[in-house]
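Peer 1: Sequence:
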Amino acid sequence: MADTTIRIPVEVRDHLAALAADRGTTIGQLVAALARPARTRQQIRESYEHDRDYLAVNLVPGLSDEDAERGLAILADIKRSASAP
Numbered sequence: 000m001a002d003t004t005i006r007i008p009v010e011v012r013d014h015l016a017a018l019a020a021d022r023g024t025t026i027g028q029l030v031a032a033l034a035r036p037a038r039t040r041q042q043i044r045e046s047y048e049h050d051r052d053y054l055a056v057n058l059v060p061g062l063s064d065e066d067a068e069r070g071l072a073i074l075a076d077i078k079r080s081a082s083a084p
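Each residue of the sequence shown is one higher than the last, beginning at 0 in numbering that gives the first Met the number 0.
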């Protein structure tokens, strides 16, 4: 992949540098990650359904959509707490 230069304000560059440093990566790697194709809503839904079905069959018999949503919220809280300074 060829490198290229883009013009951005200094404040944006500094912010990207800080984000990259926090994530242990480079600005280039951060921008590349941001530019990857995002999943469609359908792909996200299919992935969610697949994971929920796996949990319901293998770990939590009778898992409902409400249980799965609450579990996702709990995991998000745990991740936020773990990354807090």
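A portion of the hints provided could be inaccurate.
Unchecked claim - Computed beta-carbon distance windows for the label pairs:
no., residue 1, residue 2, range
1, 72, 10, 40 to 46 Å
2, 65, 33, 29 to 35 Å
3, 63, 35, 29 to 35 Å
4, 16, 63, 27 to 33 Å
It should be emphasised that the hints constitute simulated quantities derived from the structure, not laboratory data. Here the structure is a predicted model, which means the values were calculated and not measured. Don't be surprised by glycine CBs; every beta carbon is placed ideally from N, CA and C.
Peer 1: The structure should be examined with respect to each hint, and the outcome stated for every one.
Peer 2: Now for the hints, and whether the structure bears them out:
1. 72 / 10: 40 to 46 Å: Cβ of residue 72 to Cβ of residue 10: about 34 Å, so the range 40 to 46 Å is violated.
2. 65 / 33: 29 to 35 Å: Holds, since residue 65 and residue 33 (Cβ atoms, about 33 Å apart) stay within the stated range.
3. 63 / 35: 29 to 35 Å: Check passed, 32 Å falls within 29 to 35 Å.
4. 16 / 63: 27 to 33 Å: Because 44 Å falls outside the window, the suggested range is violated.
Violated hints, in rising order: 1 and 4; the structure is consistent with all others.
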